[in-house]
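We have chain A; now place chain B onto it with these hints.
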Amino acid sequence: MVKRLVAYFKNYKRPAILCPVLMFFEVLGDVIMPYLMAKILNRVDITRENVFGMADIYYVLKIGGLMVAVALIAMFCGAYSSRLAAIAGMGAGAELREDLYKKIQTFSFSNIDYFSIPSLITRLTTDVNNLQQVGMMCLRMLVRSPFMFIFALVLALKIHAELAVVFLFAIPVLAAAIIVIMKMAHPRFMAFQDKIDGLNTSVEENLTNIRVVKSFVRGEHEKAKFKRSNDDLTATGIRAVKLVIMNMPIMQLIVYICIIAILFFGGRIVVDTSIEGFGGPAYTGRPLQTGDLLSLVSYVTQILSSLMMLSMLFLQFTRARASGARVLEVLDAKVDITDPENAVTTIENGAIDFDNVSFRYRTGSGENTLENINLHIKSGETIGIIGSTGSAKTTLVQLIPRLYDVTSGSVKVGGVDVREYAIEPLHDAVSMVLQKNTLFSGTVRDNMKWGDPDAGDEEIQKACEHAQAWDFVSKMPEGLDTDLSQGGANLSGGQKQRLCIARALLKHPKIIILDDSTSAVDTATDAKIRQAFEEELSGITTIIIAQRVNSILHADRIIVLDDGRISDVGTHDELMKSSEIYRDVYTSQQEGAISE
Amino acid sequence: MSGNNMKGPGGPGGGPGGGPRNHGFRKPKNTKKTLIRMFSYLSGNLPLIMLAMLMIVLSALAGVASTYMLKPVVNNLTSTLADLIKNGMVYSEARAQVLSSLGRSLALMAVIYFVGAVGTYLSSRIMVSVAQRTANRMRKELFEHIQDLPVGFFDRHPHGEIMSRFTNDMDNVAITLEQSLSQTITSLISVVGTFVMMLVLNWFLTILVILILILMFFIIKAVGGRSAKYFRKQQADLGELDGYIEEMMQGQKVVKVFNHENAANEEFIKKNRSLRDSAVNAQTFATILMPIMGNLSYFHYAVTATVGAVMIVNPLGWGIFAAVTIGDIAAFLQYTRQFSQPITQISNQMNMLLSALAGAERIFEVIDEIPEQDSGNVSLVLAEEGENGELREVEGDPFEDFASTFKSDSGRFPAWKVPEGDKLIRLHGDVRFRDVVFAYIPGHTVLNGLSLYAKPGQKIAFVGSTGAGKTTITNLINRFYEIQSGVITYDGIDVRDIKKDDLRRTLGIVLQDVHLFRGTIKENIRYGKPDATDEEVVRAAKIANAHSFIKRLPDGYDTMLSADGMNLSQGQRQLLSIARAAVADPPVIILDEATSSIDTRTEHLIEDGMDKLMMGRTTFVIAHRLSTVRNSNAIMVLEHGEIIERGDHDDLLAQKGRYYSLYTGKAELT
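In the order they appear, the protein sequences are chains A and B. Residues in the first sequence are numbered from 1 upward in steps of one, following the working numbering. Residues in the second sequence are numbered from 1 upward in steps of one, following the working numbering.
Chain A extracted, bound-state conformation (with noise of 0.2 Å):
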């Protein structure tokens, strides 16, 4: 997972890599400094020489300057490495998130099922923020920590090697330290999170449900219902907290103790190394002088902080794996509808034929959806289609432009199958106008352009008297330039209808499917649009779903669906002899109508 997240870095790899060598020279210029003030006040330490001269001020002045051009240049290197991780981190971040939508874009009907489409979002947004983040933090810190940590013992040792015992002792025991408490902490932050979910998801659900709740009058059950899961979650963080708090002050602990152990032990030898230089009894031991100790009390804090930050790197590690893996999920999400080789990129008719046609969702129960459906429709004739909810009138049609692939049998559209088209002509030829529709922020014109990117004013005018929708377009303040707020939310949901329909028109269309698009359009328009189809558009097959029989009663055929089968096939007339469902809906819907 990691390899491949950071193969994102590809076109950034000049900062990608100059920022951890500059952060290597900025851990340099840290871990150096200590080193070269000991070099300095060993110099003037006073058990060393009685009289200091011009030689020691130069000595001083020369060290003294390297520290300053040490500290300047630490300070480029820092401060543009924190420039070309946010290069690299942004950059990186941002092509995997191209990559993800481009992804996302050749993805089936299937597939966005599969994931749903508030998971995309989340993925797209969230996640890709959260590794951006973290694969920014690492680029600095991921060279930081450890040089920080190996240097600073280097020296350390090198200073003192049996003195540096000291951090022997002290590293193990802050790392099983910080290890216990994670891996304590962890379950209980994870039951944390967990309440807090549920928390918000009922704080949501109440404010979802808060007419219900007034209308019952059950605010006070809320209420309560509210505080019990308010106090599990203060008891719950309260735990979980308290345990990661012990981090803080144990490191200070140990730091401590290894201060003073080194100036306890190095004091000692302190002590004795500056006896020798007085004259006294010689010291075996290894040399040490004040400088050095003072040095080594530096690296404490350097080598046990540099510890510190390795563990909050690895929480911060764990908490961007769970986006990682759901970002390649999506990434590996296999397409399950493409074109085919040698793909047939012409559509001759509009003839449909299903044959031995069954289908079942992938994201299904596991049930046939559609069962063995044989259907034969010839280029430019209208098909009602009718049924309950639930008898697979959508599925069926979303088949025909190969929204979905069928699970066997075969769909043709224009006799040839249509898996072996190429996806954009075969959508070009079947417009769908889907039941749940959208239109886009923009202008009336940019979203009928989205049938036909070409489409002058006249066509799009003429498309839009046959959808009936020019009455009302043409009578809004700036026509064709009136903007849609997002979702077209300033516009009846009769007119989005008829707006929809008008932008499939566009496409010119050799078959057009009608999903129950116009059941908010009234009855008359309703027939007004019908009689525009049979009129000017007689060679477009047509496929009309609805809920009002009116919508389909003179169709050329009507099929009546129950349940994933075709229960009845043929006309108006016909049916109501025939089908028994199909006179119930009639009557349910037409009783007491004074016409008939």
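No lab work stands behind these hints: they were computed from the structure. Just so you know, these numbers come straight off a predicted model, no measurement behind them. Watch out, some of these pointers could steer you wrong.
Below, simulated DSS-like cross-link-like pairs (lysine-lysine); rule was C-alpha separation at most 27 Å, straight line [said to hold, decoys possible]:
| id | chain 1 | residue 1 | chain 2 | residue 2 |
| --- | --- | --- | --- | --- |
| 1 | B | K270 | A | K225 |
| 2 | A | K10 | A | K102 |
| 3 | B | K271 | A | K103 |
| 4 | B | K140 | A | K225 |
| 5 | A | K449 | B | K271 |
| 6 | A | K13 | B | K270 |
| 7 | A | K242 | B | K499 |
| 8 | B | K270 | A | K223 |
| 9 | A | K227 | B | K522 |
| 10 | A | K102 | B | K499 |
| 11 | A | K449 | B | K221 |
| 12 | B | K270 | A | K102 |
| 13 | A | K195 | B | K140 |
| 14 | A | K195 | B | K522 |
| 15 | B | K270 | A | K10 |
| 16 | A | K103 | B | K270 |
| 17 | A | K102 | B | K500 |
| 18 | B | K522 | A | K223 |
| 19 | A | K577 | A | K103 |
| 20 | B | K233 | A | K227 |
| 21 | A | K227 | B | K140 |
| 22 | A | K10 | A | K242 |
| 23 | A | K225 | B | K522 |
Then chain B, alone, in the frame of chain A:
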């Protein structure tokens, strides 16, 4: 954005990345007022907080003091030893004396360190409890207050906006109380304490500190200012991109059908790159402060080491440098290292504090919203008829069984108790509107002098376009909103005089959008009447025709519903909400598009149950489908807040007006 936004605090110190968190630089509108109010929340924990503050001060001072201990330790090892030997003390004795003195210093140091660590632990432990308890109290008050707010509040504020107060804002407040507050205080004390100690150690070197301090101040100002600017740009671009992703993903199936993938890609890439460019700048300035300040401190360290060493050597023999020891310089050097970090921290923490105050302010805004007013004093009681036909109150729960209103065999029935004149009025379900004027937004009248009546047991239907005011009428009966003029009466009593809770319990509502709760089917039906028995639940489900599908579910009535009942079809959910109203068994029922998602065939099947439900009750029906309202006692055709036609089905057809053209399909309902 909701869901798992409330991250648990990641332990003290935040992440190693440094820099401000991505909360944006929101500032409170009235810092002082919010601050005072926040303190009032904390006042209950005052003794604890004082203790925590004491611990924080102790731990910060320990940090400062322990560094000072370097001076005696080092001087002991150097000058003291040299003096002792120069004064002719035997080596071994000098050694022993120096070491025992070292031992004493270290012991003192150990005590200081220990106090520091204990202080750190106790202060954070206390603050964790204080923060979590304060958050608990604020959440509770927020939630309880929200329950009491009028429905209008929820119209004006999208759920996401209210939710973000429970998540982001509450989170900010808790983390700040937990960490930022103590860190800010620690930092302040450290900076001041360190500065004082530096001054004590060596005033000459402190001049340099002041210069560095001024430099740091300017750097923080410059970087902070740009950081805020680029951050705003990044947030704007992020909002733009997220909005685009949201819209396009929602319409992704349309994109597929129209072969619009490439165009969608292009637009996305443009927005994505624009975000990338602004994010690079924002992130640069968010992280650049750490290395600059850190190395500036090393620069300071280098200069101090050099100047300090020169002072020790004292080549010109200046008197003012004569007393400078290596111990002074050692401790001073350590202080320069301790100086920059808290300064960087303070600037970050201030942003956090302001952001948290802004969050608290947003929470207080909601808590300050005026709750639903209820000046009603008419309540529902159980009554019986005396021998002379007079009503008198009896002990008992009037909501126990509303059905008894209509079959008074038990002799007891619910009645309204009117305090003025000490009257009892039997509950019938008679609803009247007289010249009712109503507007959601002042000036935009929705109902314009509306009058209507529904006698007990009548079925009244409303027909009309969206926005004609149908749902509004039902929302006024249960007093979700207050009318501007006119009067609505229930059994002859002005609804404003009736206690809201009692009024609403006599109304059963089935809403257009069905909302269910997480829990079992049984619990959801029982929502209408908390003490309903299992038999009552089943009876209600049968009335709504929901029994048959519930029985087929794996666990029957104990089947768990996922969030908002998403594992049921829209039609099944509507049936459940009808059952929920049925179990409450109220004298007045309001059906707002209750059967819109049920296809006509199924509607036909449940008509029976619906009829049973409506029998003997006053019923208001709103329906798009005219077949649903046909058998009403009266049908009101609404347009622009006025009743333009009224009468029963046959009357209205005979009028050949609006209803007629709707019914025959000549006009469109929008």
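Against the structure, the hints:
Annotation: proposed proximity of B:K270 to A:K225 is violated, straight-line Cα distance about 47 Å (limit 27 Å). Taking the CA atoms of A:K10 and A:K102, the gap is about 18 Å. The hint holds against a cut of 27 Å. Of the supplied pair hints, the one linking B:K271 and A:K103 holds, its CA atoms being roughly 17 Å apart against a limit of 27 Å. For the suggested pair B:K140 and A:K225, the alpha carbons sit about 11 Å apart, so the restraint of at most 27 Å is met.
At most 27 Å may separate the alpha-carbon atoms for a hinted pair to count; A:K449 and B:K271 meet this at roughly 21 Å. Note on A:K13 and B:K270: the hinted pairing holds, with a Cα-Cα distance of about 22 Å set against a maximum of 27 Å. For the hint pairing A:K242 with B:K499, the CA-to-CA distance comes to about 47 Å; that exceeds 27 Å, so the pair is violated. At most 27 Å may separate the alpha-carbon atoms for a hinted pair to count; B:K270 and A:K223 exceed this at roughly 47 Å.
For the hint linking A:K227 to B:K522, the alpha-carbon distance of about 23 Å falls within 27 Å, and the restraint holds. Restraint check: the Cα-Cα separation between A:K102 and B:K499 comes to about 58 Å, which exceeds 27 Å; the hinted pair is violated. For the given pair, A:K449 sits about 50 Å from B:K221 by alpha-carbon distance, which is inconsistent with the 27 Å threshold. The suggested pairing of B:K270 with A:K102 holds, with an alpha-carbon distance near 13 Å, which does not exceed 27 Å.
Pair hint A:K195 plus B:K140 holds up; C-alpha atoms about 15 Å apart against a cutoff of 27 Å. The straight-line distance between the Cα atoms of A:K195 and B:K522 is roughly 24 Å, inside the 27 Å bound, and the hint therefore holds. Of the pairs offered as hints, the one joining B:K270 and A:K10 holds, with about 20 Å between alpha carbons and a cut-off of 27 Å not exceeded. At roughly 17 Å between alpha-carbon atoms, A:K103 and B:K270 fall within 27 Å of each other, so this suggested pair holds.
Taking the CA atoms of A:K102 and B:K500, the gap is about 55 Å. The hint is violated against a cut of 27 Å. Restraint check for B:K522 and A:K223: the C-alpha separation of about 21 Å stays at or below 27 Å, so the hint holds. Simply put, A:K577 and A:K103 have alpha-carbon atoms about 51 Å apart, too far for the 27 Å limit, and the pair is violated. The hinted pair formed by B:K233 and A:K227 fails the criterion: a straight-line CA distance of about 40 Å is larger than 27 Å.
The suggested pairing of A:K227 with B:K140 holds, with an alpha-carbon distance near 7 Å, which does not exceed 27 Å. For a cut-off of 27 Å, the pair hint linking A:K10 to A:K242 is broken: about 42 Å separates their Cα positions. For the proposed pair A:K225 and B:K522, the alpha carbon gap of about 17 Å is at most 27 Å, so the pair holds.
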